[in-house]
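Start from the sequences, fold in the hints, and give me the full structure.
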Amino acid sequence: AHGVPKSVTAAVKARGMTYLDATCPLVSKVHIEAAKHHANGHHILLIGHAGHPEVVGTMGQLPGGAMTLIETEEDARNYRPDNPENLALVTQTTLSVDDTAQMISILRERFPNIALPHKEDICYATTNRQMAVKVIAERCDLFLIIGSKTSSNSRRLVEVASKSGASAAVLISCADNLDWGMIDAAETIGLSAGASAPEYLTDGVIAALKSRYDLGVKEVVVTREDVMFQLPRILRA
Numbered sequence: 004a005h006g007v008p009k010s011v012t013a014a015v016k017a018r019g020m021t022y023l024d025a026t027c028p029l030v031s032k033v034h035i036e037a038a039k040h041h042a043n044g045h046h047i048l049l050i051g052h053a054g055h056p057e058v059v060g061t062m063g064q065l066p067g068g069a070m071t072l073i074e075t076e077e078d079a080r081n082y083r084p085d086n087p088e089n090l091a092l093v094t095q096t097t098l099s100v101d102d103t104a105q106m107i108s109i110l111r112e113r114f115p116n117i118a119l120p121h122k123e124d125i126c127y128a129t130t131n132r133q134m135a136v137k138v139i140a141e142r143c144d145l146f147l148i149i150g151s152k153t154s155s156n157s158r159r160l161v162e163v164a165s166k167s168g169a170s171a172a173v174l175i176s177c178a179d180n181l182d183w184g185m186i187d188a189a190e191t192i193g194l195s196a197g198a199s200a201p202e203y204l205t206d207g208v209i210a211a212l213k214s215r216y217d218l219g220v221k222e223v224v225v226t227r228e229d230v231m232f233q234l235p236r237i238l239r240a
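Heads up: take any position in the sequence shown, counting from 1, add 3, and you land on our numbering.
Do not take every clue at face value.
Said to hold, decoys possible - Below are the EDC-like pairs computed for lysine to aspartate or glutamate, each with C-alpha atoms no more than 20 Å apart in a straight line:
id: 1; residue 1: LYS39; residue 2: ASP101
id: 2; residue 1: LYS137; residue 2: GLU112
id: 3; residue 1: LYS152; residue 2: GLU88
id: 4; residue 1: LYS166; residue 2: ASP102
id: 5; residue 1: LYS137; residue 2: ASP101
id: 6; residue 1: LYS213; residue 2: GLU190
id: 7; residue 1: LYS221; residue 2: ASP101
id: 8; residue 1: LYS137; residue 2: GLU190
id: 9; residue 1: LYS122; residue 2: ASP101
id: 10; residue 1: LYS39; residue 2: GLU77
id: 11; residue 1: LYS221; residue 2: GLU190
id: 12; residue 1: LYS166; residue 2: GLU76
id: 13; residue 1: LYS137; residue 2: GLU222
id: 14; residue 1: LYS213; residue 2: GLU202
As the list claims (entries may be wrong) - The calculated label-pair distances, taken between Cβ atoms and stated as ranges, are:
id: 15; residue 1: ASP85; residue 2: GLU228; range: 38 to 46 Å
id: 16; residue 1: GLY184; residue 2: ILE209; range: 15 to 23 Å
id: 17; residue 1: SER165; residue 2: ALA69; range: 17 to 25 Å
id: 18; residue 1: PRO28; residue 2: SER151; range: 20 to 28 Å
id: 19; residue 1: ARG142; residue 2: SER214; range: 20 to 28 Å
id: 20; residue 1: ASP85; residue 2: LEU218; range: 55 to 63 Å
id: 21; residue 1: ILE209; residue 2: ASP85; range: 29 to 37 Å
id: 22; residue 1: THR71; residue 2: LYS166; range: 42 to 50 Å
id: 23; residue 1: TYR216; residue 2: ASN116; range: 52 to 60 Å
id: 24; residue 1: TYR22; residue 2: GLU76; range: 35 to 43 Å
FYI, nobody ran anything at the bench for these hints, they're computed from the structure. Cβ atoms here follow ideal geometry from the backbone N, Cα and C, with glycine treated the same way.
And the structure:
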C-alpha cells in the first residue's frame, strides 16, 4: 500500500514478470502530484519521515535531487532553497495532522508562492482516527492503540492521545500484549487502531478485557467512512 520507487517496477518489467500494483490510491495521488510539479520545473518538498516505506516510494518516483525531505519544524525553518519562488509541497499520508499543519504553516510563511496540494494529502482514515482520539483522550486513564510498531499512523495516534490528555497511551499489536498491571489501575480506557489494523484485533482486545472485567463499551463516532477503492485493473479483467 505504501508504494515503491519506479526502479522497482522497472526491474520487474525488465524481467518480464507480471506484478500487481496495490499502492493505496491516496499514495498514488501524491506520486501524481509530485510528477506534475516536477514536470512544471518545481523543486519538491516532501513532509515525511526518513526511511518510511511510503517516503522511499514517493522520493523514488523522481530523479535524485528533485525532492527534499522535511521531517521537523526545524527543517522547515532552516531549509534554504536555490530558488524560493519555485517550490512545491507534498506530504506523507500517515502523519500527525497537527504537526504537519504546523510545518506547512512555517513553509507558507517563508515561501508564500509554494505550490500546495489541491486537497489534503493525509489519508482520511488517519485524519478521522486522530480526530476521534482527540475527542475522548482527556477522559481516559489509559489509551490503547492497536497497530504495528512500524506503522507510522499508529505511532502518531499514541502521540495524539498523550498530547490530548490521556494519562497514559501505549501501542499494542494484539490482546497478547495487554499490560494487566496498567489496566488494573485504570477506570476509563480509550481504544483505537491504526488504519491498517484488521477489525478482529480490536475485537480480540475487547474480548480479553471483558473476560477479566465487568466492561462497559461506548462507541464514540466522529464521522462515517464510506470510501471504497477498486481492485487493481488486472484483477478486474
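Against the structure, the hints come out as follows:
Between LYS39 and ASP101 the CA atoms are separated by roughly 26 Å; this puts the pair beyond 20 Å, and the hint is violated. For the given pair, LYS137 sits about 27 Å from GLU112 by alpha-carbon distance, which is inconsistent with the 20 Å threshold. Note on LYS152 and GLU88: the hinted pairing is violated, with a Cα-Cα distance of about 39 Å set against a maximum of 20 Å. Under the criterion of a C-alpha separation no larger than 20 Å, the hint pairing LYS166 with ASP102 is consistent with the structure, at around 11 Å.
Restraint check for LYS137 and ASP101: satisfied, since their Cα atoms lie roughly 11 Å apart, inside the 20 Å limit. With a C-alpha separation of about 14 Å, the suggested pair LYS213 and GLU190 falls inside the 20 Å cut-off, and the hint holds. For the given pair, LYS221 sits about 26 Å from ASP101 by alpha-carbon distance, which is inconsistent with the 20 Å threshold. Between LYS137 and GLU190, the direct Cα distance comes to roughly 18 Å. Compliance with the 20 Å bound is thereby established for this hinted pair.
A hinted pair counts as satisfied when its Cα atoms are at most 20 Å apart, and LYS122 with ASP101 qualifies at roughly 16 Å. For a cut-off of 20 Å, the pair hint linking LYS39 to GLU77 is broken: about 27 Å separates their Cα positions. The suggested pairing of LYS221 with GLU190 holds, with an alpha-carbon distance near 14 Å, which does not exceed 20 Å. As the CA atoms of LYS166 and GLU76 are separated by approximately 17 Å, the hinted pair is consistent with the 20 Å bound.
The suggested pairing of LYS137 with GLU222 holds, with an alpha-carbon distance near 14 Å, which does not exceed 20 Å. Between LYS213 and GLU202, the direct Cα distance comes to roughly 17 Å. Compliance with the 20 Å bound is thereby established for this hinted pair. Remark: the range hint 38 to 46 Å for ASP85 to GLU228 is upheld by a beta-carbon distance near 42 Å. Restraint check, GLY184 to ILE209: a C-beta distance of roughly 19 Å satisfies the suggested window 15 to 23 Å.
With their beta carbons about 36 Å apart, SER165 and ALA69 fall outside the hinted range of 17 to 25 Å. A hinted range of 20 to 28 Å for the beta carbons of PRO28 and SER151 is consistent with their spacing of about 21 Å. The hinted range of 20 to 28 Å is satisfied by ARG142 and SER214, whose Cβ atoms lie roughly 24 Å apart. In this structure the hint that ASP85 and LEU218 lie 55 to 63 Å apart at CB holds, the actual value being about 59 Å.
As the Cβ distance of ILE209 to ASP85 is approximately 54 Å, the hint placing it in 29 to 37 Å is violated. For THR71 and LYS166, the Cβ-Cβ distance of about 27 Å falls outside the hinted range of 42 to 50 Å, so the restraint is violated. The hinted window of 52 to 60 Å between TYR216 and ASN116 holds, with their beta carbons roughly 57 Å apart. A hinted range of 35 to 43 Å for the beta carbons of TYR22 and GLU76 is consistent with their spacing of about 38 Å.
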